[in-house]
Structure formats: structure tokens, C-alpha cells
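Protein chains in written order, with the working numbering: chain A, 1 to 326; chain B, 1001 to 1326; chain C, 2001 to 2345; chain D, 3001 to 3345.
The hints are simulated quantities; they were obtained by calculation from the structure and are not laboratory data. Keep in mind it's a predicted model, so treat the numbers as computed, not measured. Cβ coordinates follow ideal geometry from the N, Cα and C atoms, glycine included. Heads up, some of the hints might be wrong.
Computed beta-carbon distance windows for the label pairs [what the hints assert, rightly or not]:
(1) B:E1244 x C:P2336: 27 to 35 Å
(2) D:G3238 x A:D21: 54 to 62 Å
(3) C:S2031 x D:R3145: 52 to 60 Å
(4) D:E3117 x A:R47: 50 to 58 Å
(5) B:P1191 x C:G2043: 41 to 49 Å
(6) A:D286 x C:S2322: 39 to 47 Å
(7) A:K253 x D:S3038: 50 to 58 Å
(8) A:D286 x B:P1191: 34 to 42 Å
(9) C:G2043 x A:R108: 31 to 39 Å
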Amino acid sequence: MTETTYLEAIRQGIWEEMERDDRVFLIGEDIGALGGPFRVTEGMQARFGAERVIDTPISEQAIVGAAAGAAHMGLRPVCEMQFIDFIACAYDMLTNYVATARYRAGLRTPLVVRGPSGGYVRGGPFHSQNPEAAFLHTPGLKIVCPATARDAKGLIKAAIRDEDPVLFFEHKYLYRRVKEELGDGEEILTPIGQARIARGGTDLTIVTWSAMVWKALEAAERLAVEDGLSVEVLDLRSLLPLDEAAIVASVRKTSRVLVAHEDTRTGGVAGEIIARINELAFEWLDAPARRVAAHDVPLPYAPTLEDFVLPQTDDLVAACRWLATY
Amino acid sequence: MTETTYLEAIRQGIWEEMERDDRVFLIGEDIGALGGPFRVTEGMQARFGAERVIDTPISEQAIVGAAAGAAHMGLRPVCEMQFIDFIACAYDMLTNYVATARYRAGLRTPLVVRGPSGGYVRGGPFHSQNPEAAFLHTPGLKIVCPATARDAKGLIKAAIRDEDPVLFFEHKYLYRRVKEELGDGEEILTPIGQARIARGGTDLTIVTWSAMVWKALEAAERLAVEDGLSVEVLDLRSLLPLDEAAIVASVRKTSRVLVAHEDTRTGGVAGEIIARINELAFEWLDAPARRVAAHDVPLPYAPTLEDFVLPQTDDLVAACRWLATY
Amino acid sequence: MTSPQRVTPPPAGLTGVQLLDLYYWMRLTRSLEERLVSLHRQGKVVGGLFRSLGQEGDSVGSAYALDPGDILSPLIRNLGSMLVKGATPLEVLRQYMAKAASPTAGRELNIHFNDLERGFLGQVSPLGAMVPVMAGIALYFKMTRQPRVGLVYVGDGAMSTGAFHEGINFAAVQRLPLVVVCENNGYAYSTPARLQTAAERLVDKAPGYGIAGVRADGNDVVATYEVTREAVRRAREGGGVTLVELMTYRRKGHAEHDDQRYVPPGEIEAWEGNDPIDRHLARLRTEGWATEPDIAGVDARVRRELDAALAQCLDEPFPDASTALAGVYADPPAAPVEWYRRAAG
Amino acid sequence: MTSPQRVTPPPAGLTGVQLLDLYYWMRLTRSLEERLVSLHRQGKVVGGLFRSLGQEGDSVGSAYALDPGDILSPLIRNLGSMLVKGATPLEVLRQYMAKAASPTAGRELNIHFNDLERGFLGQVSPLGAMVPVMAGIALYFKMTRQPRVGLVYVGDGAMSTGAFHEGINFAAVQRLPLVVVCENNGYAYSTPARLQTAAERLVDKAPGYGIAGVRADGNDVVATYEVTREAVRRAREGGGVTLVELMTYRRKGHAEHDDQRYVPPGEIEAWEGNDPIDRHLARLRTEGWATEPDIAGVDARVRRELDAALAQCLDEPFPDASTALAGVYADPPAAPVEWYRRAAG
Ligand SMILES: Cc1ncc(C[n+]2csc(CCOP(=O)(O)OP(=O)(O)O)c2C)c(N)n1
Ligand SMILES: Cc1ncc(C[n+]2csc(CCOP(=O)(O)OP(=O)(O)O)c2C)c(N)n1
Ligand SMILES: [Mg+2]
Ligand SMILES: [Mg+2]
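So here's chain A without its partners, still in its complex pose:
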């Protein structure tokens, strides 16, 4: 069996859902003949036609708005943001229209908005963002952030089948760097809202998601070898809804927790997670729950600057040591 990359896993997931359900269609910029800048939709327009793989004008509001309208009527649109940074242009449409439609008006709006997110690729301030914090406080949306090829496939398929709007933030750093065997013919579906223990441990928990999972695993390995520490890595996979139970179970087990994310610290998703830990596992904490996150600046372009601003494996190691010895 051959290994499937994270990128190919997303592609396969979309492809399978397109084959399975003719209500599924794709809408976005340059997703047809080009297959998108990263080729996530490669070959799809040739296979499914220009009506189901729609190249749009540069109009993120129209992409999401039109998807919503089609979704109300029973279709299942998958929107691509060419870079996820441009989801900011559809912020009103997503938060005010899409997210509220079911509650306000009983409108079903099953749609997916996906796109390449994340840094570590020298993309500069507008091609590196992690927009999850911008949408976390929007009831009505779901947010998923896969770290592995398996989950990339399983979550994109689950997102497409979900009855509600799902933001699928795929990490471009992982596209071709992460791969695994995905088992021929097996139907992979990752339930939205369920975390995954990426590495078991007893001394300390790192709660994280997306590309940071891999850095956390590296850190855990180093801490095992160098410090004899048993670090559990919890890959949240979904941020909305958040798998509170898994977080609490891990924290109650280890009593020390680090929440790590790539986005800037202030107002980032870690705040929410730490508040929940505080609410649900306060008595079990032997040290303050702490955060590792990017520095509070727009993401700069130069390698030296980007490397400093974004959290690195070394930072996780340092933070874990601090926590372990608290």
C-alpha cells in the first residue's frame, strides 16, 4: 500500500463525497482547470463538469452567500478560499448570515468553507493566518482543523455530510509533509467534535491541533528521552464543538496542562480552553494551565522573524519543563 499525503487525503475525501452524493458541488476561485493553487481540486472539473466545480469571480462574499442559498435548497456546497486569510472578506456573510440561519429562521445550511491556512511557509502576513479564533465565538458554525492525513480525509467527509456549516481549516505546511497509509476501500469518517489522543502520557498534557500537533509530538518525544517525562498530546481536531470531556479527562489524569496554538496569544482559542479547564478541572490542577502561542504581532515574512514569532518545538519543550517542575 502507498502512503497518502494530507493534501491528497483531502482531495480523496472531496472526490468520494462528490461521487457518492450528487448534491455536493465545489465553488471557489481557480478550482477548475487549475485545481486551485495547491491542486486540492485537481482533476475534479474534468471528472464532474464545470457545473459542479464552479470557478467564480474574486468574490468571497458571493462564494459563501451563493453556497448558503444553494444549501438552503438542499445542495451541499464546498467553498474554497484560495488562501484562508481571505475568509475575512466573507466574515459578515459567515457570522451574520450563515451561522444564524438555522436558529433565526429554521433554514438548513449545510456547507463547508475550506482553504489553506497556517504559517511556517514564509507566506507573510496575508498567506499564513489561522482564523479559528475569529469564528470561535459564533454559535451556529463548526470548526475543524485536522492534523493527520487520516483526519484530513475523515473530517472533510464528515464536514460535507454535516447538516450545519463547517469551517475546515487545512494546514498548508502539512499538505505534502505529512502522509500515512489510508487503507484501500475503507470509508474514513472522523466524527466532528471528538478529540484524539495523539500520544498517551501521564505527567503532563499538551492540548493542541493542526500543525502544532506534530511539534507537540516532537516535544513529547524529546521530553521522554531527555527528561523521562510522559507527555500526553491531545489533538483536538474540532474546535467547535470542543471536546470538553476529552480535555477534562486528560487534565484530570496529568494535572498539568499546556495549550499550544500557532495563532497569536491574545484572544486566541487557548483562552477558551483554559477557561473550560478552569471550570471543569480546577481541583485537579497542580500548576497553572499555560499557553504557548505566537507572539502578538502580524506574521512577518523573513525566515528569522517568522521562526521567532511562531512557536517552535523548542518552545514547547521549554514550556513543558517549566510546567513539570512547577
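Starting from the structure of chain A, add chains B, C and D with the ligands where the hints point.
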């Protein structure tokens, strides 16, 4: 001396700055002849002319974008969002353009975006929002949320004089319900980034801002009378930057803390505050830091529903009692 | 019902019954709003009240051009369009009064409610947003090869939004079966059209999108019907998008609390002489499409229907607080009750 | 420098010196890009590389129409406009290579940098955003009664954004001294113009905004100069906004990694015969505006300047990590160093 309402205080603050500095100008929808739907800019076009009080098309992106351009050149624009909910339409412009301009490119962008926010007024899902959480994770922006007439005036003036972009979220429920004497001829300037102890106390801290300050004060009074509890109410006034020192000082004093806000819970600003408390005052906590916030739904219109979804004084009282007896 | 003394051929191919029907919808719209005004004064309307006085003709005429199966999305002032498409006065009254039995169970205001079966999709407040959304509905019609049409209203003000631009452009490129009706009523809140656009006519935007454009007298319900009908036909036959500009005037303030201080003296009065209901009645009478008893019959029917609706809902309760948390998601079905509402956390 | 064998009157009122100047800027643009291509192949360009091959004429000609004091905002492909407005090859090289000494100290990419004194404001990536921003700069000119003009570039693609629409409309209503130059190069990434708009010509959008519109051959640097100059004059004299559509063609991919698989065969080749530099050179020669030594002199100058710039910056360092946190705000002057970077929290 007569009392000045919260609304009139904002109006006076803007007026004074317009008189003082001819670089200050206003831009927004219906702010001229109408004076805005709430009359915050009443009389200003007559006084300062249509060039300094500009009625725009319905174009929030253009309002903020044009303000940014003018600010680069040395002017000091004050933008009105007719209801703050529509700031969502300018989300890209604010987060990607305005917030990053100084860091990316050394561009000064002193501008204010203000508008009526908040609920308790039967405004339904699109005329009641509290958008602070949407912008908290954007380095480069400042966010202020006055609770009193004095701070409304002092903060709008400080915001206009600030060298960086400031989001000024005024609470429409307070417009005419809150008033105080503002001292003739006194120049009122409230420093951005400094909290205020709205009521001193020793048993428990409520950290809050905007309209919720008044409910917290009611709750504190009831808890004093009915339970003999001494509750400190900390009015943050600014959310970005956050007055960490004031929060920590209060929590270290009382060892019990409730963070209360009107916005929905998940992903709300309270998460950030609790994470900071955890980081900086963990050892002092005698009970978990807890949140009172709106239920995680879009804000409904009917009085019965709105009253249930938004936090009320009773809820603060119940939560404080829970904390006090923890 | 068509009377013997008819003197001209039926305008726009409408029968006498239909012409009287148009009168019924306009009258129903206006009378329903008048009822809402008294309810508002009595404090029974929970939020704001938005009038379409003088604009009933463009709402009714344009919506009347749709077939069953077509879907429209109104503006705040398209009460008439909603009624034509099957929304009932009872629903509207309940919405304004935030009743538990209202279509949105008290969650949304005024005419922000939907029934895709009957063919209307309520708007949201952010202006322009419904243009892309209705483009999506038209996209669905096209993709599923259904000969159905979408119609979306925008104001002279809403056309300045980015959402309008992106939505109409996308629909144009895709040649979607969509009609975009611009209700040019001279104002957006206090802002006159000349501060909204430097274009001479809003319909001049059509060539820039490569679509058909047409302008008509919005206070002539039949003319409105006629141009919209043509645009609907074009859309249904695969001819793509049409921008229809309907010239009308907002005789009341933006909402009930608006004193219209910004309106030049005499302007409103001038438009009172151009009332769409008066004009249509005059046509019915002079061209002989309806008798006085026909007209009186409609008026009585409207009164009766509104009396009945009001009687039914006036004392209905607000929704129960316990309903506030359901239905944000299909799954989980309800948001959790916050801990401070329960015994303890 | 103007040669004796000149046979026609000077086009667009340009002197021979100016005509040779136009050649210099186009040649500098193209040669600088060619240097960047080799640097990119050598892995010295940190991010992507975006070419304007075949579009140098529209960038240079339009920017050349501005006076000192006027401000422009470029697109990714308006390297030529930046150079004309005073940005230096050294700055551009440093930007692409993310050097500490680059104008943005390594924070931003390629031509995303500014100098309002020299008269250019770098773009941000979200397309369309610079239209409202440049409207704001033009608003400043108008409010302060300065006879200065703003010029903003948009692509055939960027015109589909809401930000474009809101910005140009606002500028039109306010009659701001703004020129909006649409570089219609046939594609937005892989998307051909016909999937971007159903309009026959992008300039057909002008009447919908109530502004002047004009279209010209963007591969004719003099024609480009001429129409832009007229638009700039109109703006400076209070005549408001002009939309200038310049017809050109993007001969390279969207960025260096783009294999242009979506381009019909033969299309690129056809446009190679319409190269703006070749055309301008032919004019210089046949109309006698420059001698061979004049031209060779320019070529040598360009080589010299680029050699010098490259020699200066090639081995310069990246910015020091310690600079990463300064300048998010005027006050506080720097973001805090995260605790995990320090000894402990
Ligand atoms: C994006 C956005 N900005 C501002 C508003 C506030 N607002 C509500 S109605 C209105 C005026 C609308 O004018 P127009 O589109 O002409 O419709 P009309 O009221 O005349 O029918 C404004 C500014 C809004 N609803 N949405
Ligand atoms: C709002 C937004 N959406 C998507 C993109 C991604 N993107 C970058 S360049 C580009 C194509 C631009 O085409 P055009 O405006 O015609 O300019 P050209 O590259 O042809 O000069 C796209 C889609 C973006 N930068 N901004
Ligand atoms: Mg209007
Ligand atoms: Mg292009």
C-alpha cells in the same frame, strides 16, 4: 450643574476634539442632517460643515478604508457604524489592512471606529451585538468599552488622540439611562488600557465592562445587603490592551473571581481574561475563575427570550454566591 | 367581476380579476401597516416599525410577476411582496409582536421570516447580503434544470454594498435566473440617492455587469408588473439576470421614530399626489375594470381578514424562555443552559 | 538625445527625452524581473515571484502620467509603476529577499512597501482593499485643497470584489481626485476575464458609477500615458474619478510556479508579437526619437544599476529576530516576549 447622559458625553467628547483639532473629521452613514439614528452626531454637520461630517453611501468597507487612507496622510477620522453589528462588513479592512499597517509598513493609522452596540433593547440578532471578541485577537487594534458617562467622554477623546486605530464600542442601552455630572470646563481624558475599580471589595471580584458594570454593581449591592459579602467590581474600560495589573491585583486581594460579559460564552473575551488570571494569579485562587456570559445562541428578539439569553443581575448574584461558598 | 363598461384592452395582458387582485394586495399591505401603526403606538410592537406607504405598487406589482415555485427575498419595505407570495397578515402581526406562534417563534423581527415552499426568503439586516444568497438559490434552479426564477430586492442604498456587487456579478457571469429589483425610493434612511451614487440612473449599472437593465414607474403597479414579468420571462428562458429599477418614493420616515427632518419641504406632499393605490383605483374606475361594489368588496375583505388576524393573535403569549436554546445546530439540538441558571456548575 | 532624423510630431506631447525615459523604465522593470527570476531559481527569493512580462507598458505609461506629490497604489504586477514613482531596484531586491535593510525590514514581501513622500503606497494581499484606502488619500487631498491626485490599480479580477465597488463608488460620489486604472490582462490567476464578468468591456462599469471611462491599448506605453494623463488632469481640476481600462496580457503565469496549463495554445505566442518594449523601441527607431547609441546607453545604464544594486544586497543578512516585536503600536512600542522564550513565566 446638570447631569450629562452617556450619549451626550460621547457627543461632547467628539465635539470638543473637532473644535480642538481640525484634522479630526467624521465619516459614516446618516451622520449629517440626521445626526445618526441615535443623534450622537447631532448638530455637527451644521457646525463643522459637510466636509468634516461626511455622509457616505452604505459601504462599511469604504468608510473604514477611506478613513485609513486619510489617517495615513495625517488626518484623524472617526467612523460611525450605524449599528456596530455592521462592523462585520469591514472585518477584512480592519483586521488585514488597518491593524497591520504600522507593523507591516510603518504607516500611522490613527482612526476611531465607533457605534452603538449591545443588547437589552429588543433589537434582535442584528442590532444587539457585542463585537469585542471578534477583534481581540488582532494585534494592532485597541478596543475600549465605556460604562459611565465620564468614561464615554474620556475614552472617545483619548481614542481620537491615540496614534493607533481604536474600536470604541458604546452601549446603546446606556445612552440615555446613565448620566452623571461632568464638571464644567474640566478636560476629561481616560487613559486607554487602564481599568477602574467601580466598587471596592475584599471577598470576591467581578471583572466586567460596559453595560454589565451596572448589573455587577447591583449584584454587589444585593450581596452586601443580603449576604454580607464585599464584592469588588472592576470595570476594565479597555479590552485591548488589557489592564492585567489591575485584574491581578484585585484577584490576589479577593482570591475569587467572576468574569462577566454580555456576549456569548464560547470564544468570548472572558476566556482570555481567565487564561491571564490563571497565568498570573493561579496561586491566589481559592475557587475556579468562572464566567457569566450570554447563552451560546444568536440573540433572539422576543423579550422573554432576550431576557433569558442575556445575563441578568440575578445571574451574577447566583454565580457570586456559588463562588463565595466554594 | 370585470365590468361591462370596460373601454380599453387589458393592460399588460392582465385580466380584470387580476387587476382587482392587484388592488387587493396593495390595500391589504397598506391596511396591515396601518394596523401595525396603532399597535406600535399601543406599545404592542416590540421593535421598530418600517412603513412602505406609497411603495405598495412596486412591491405588489413585481411579486405578482412571479409564478408559484419562484422565490423572492424582500427588503424591509416589501411587505406587499411577501403577502403576494403567500405570507399571511397573521404571520406578520405575530412577527412584529414577537409572539410564540410567529413563524420564527419570536426569534426574528418583522418580515424577517421564510417559507421556501411558498417562495419567500426573509432578509437579514446587513444590506446586500441577500443578493449572493438569492444568486445561490438561482444557481440551484439552474443546476437542477428547474424553470424557476429568483427575485431579490435591493434599495438605492443597498446597491452601494460590496455584497450587492459580488452577488449580482456572480449571477451575471453564471447567467442565473435572477431578477434584481432596485426599489429606488429616493432615500436610504436620511441619505438622498445623489449621496449614494453619482450615476444618473441606477439602472446604468446593468451594462457594467453585462446584464439587461430596465427602469419603470414603481408607483404604477401595472407597469411594475409588466417590466418585472418580462425580466422573469427572460430569466426563466435562460437569458440571465435583469436589473429592474423601479422609481418610487418613501413617504414615511425610515422607521416610525424618524421625523424626516432631512426631507426638503413639499417633497412628500408632491408624492402624495402620485399614490400607487389612488392611481390604480383611478385606472380601475376610468377604464372600467371594476365597479364600486367590486372595490368596496375588496376593502371589506381586507378589513375582515385583518380583524380576524388581529383578534387571533393579540393576546397570544411571548415564547417561553425555555425555547431560547434549541436549534442553533441540527446536532447538538440545543445549546447548554449556562451554569448560573442552574443550581451550580 | 532627440535625433535629427525625427519624422513625426512628438506623440502625446512627450519630448524625445521623455520617450527614451519611458523605454528606460520599461527596460529596468523587465531586467529587474529577470534578475529576480535567477535569484528565485537560486532559492534567494524567500516567497513567490510575480512577473509583469508584457505588461511593463501599462505600468510605466500610467505612472509616468503622475506628477510629484501624486500617490499611486500598485498591484503585484506594477513593479514598473513603483520604479517610476521612485522605488529603487535595491529596495525591491531587498524586499524579495527579506533582507533586514529592506524597506519593511523583512516584514512584508515583494513590492508591498510604501513611501508616501515619493508617492507610492504598497498594496495588501486582499484584492480591492486599496481602492477605498486610495479614496481616503484622495479625500485628504480634496479636504486640504491640495491639487494632488491618487491613482489605484485594479486587475480584471480585483474588480469583482466588494471593496473595489465600495471604494470607487464612494470616490465617485465625493468627486475625489482619483484615477482607477484597470489593468485588463485577460486573466486573474487561471480565471479568464469572461468568467470574471459578463460585461463586454470593464470600462462599461463607469456610467454605473457616474464617472468618466476610457479604454486604451496598454501595450502602447504612449497611449497609456496619454489616457492616464487626461484622467489625472481631470482629477486634478476637480472633475472627479476616471476609470481607465488598459488592455494588456499576462504572458507569464500568475506566479513563477504556475505552468499556465489553462491557457489556450497559441495565445501567449500571439501576444509575444505585441510586446510593449518592442513596440516602443520600434517607434523610437522608425519615428526617429532615439539613436541606437541612445538605446544601447539605456541598456547599459540598466545593467549597471542592477549590477550595483545586486552587489550591494546579495549578502546582506535577514533581520534579527529581536526586531520582530517592535512597532505593532506606537504605544506600547513592542509586543511582550512570550514567556516560553524567557527563563520562565
Ligand atoms: C451593511 C449595512 N449597513 C447599514 C445598515 C443600516 N441601515 C438599515 S436600512 C438602511 C437604509 C437602507 O436604504 P435603502 O437600501 O435605500 O432601502 P430603503 O430603506 O430605502 O427601502 C441602513 C443604512 C444595514 N442594515 N446594513
Ligand atoms: C480577496 C482576495 N481573494 C483572493 C485572492 C488570491 N489572489 C491573489 S492574486 C489573484 C488574481 C488576481 O487577478 P487580477 O486582479 O486580474 O490581477 P492580475 O494578477 O491579473 O494582475 C487572486 C485570486 C486575493 N489576493 N484576495
Ligand atoms: Mg431607499
Ligand atoms: Mg488580471
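Legend entry - Violations among the numbered hints, reported as their numbers in ascending order: none
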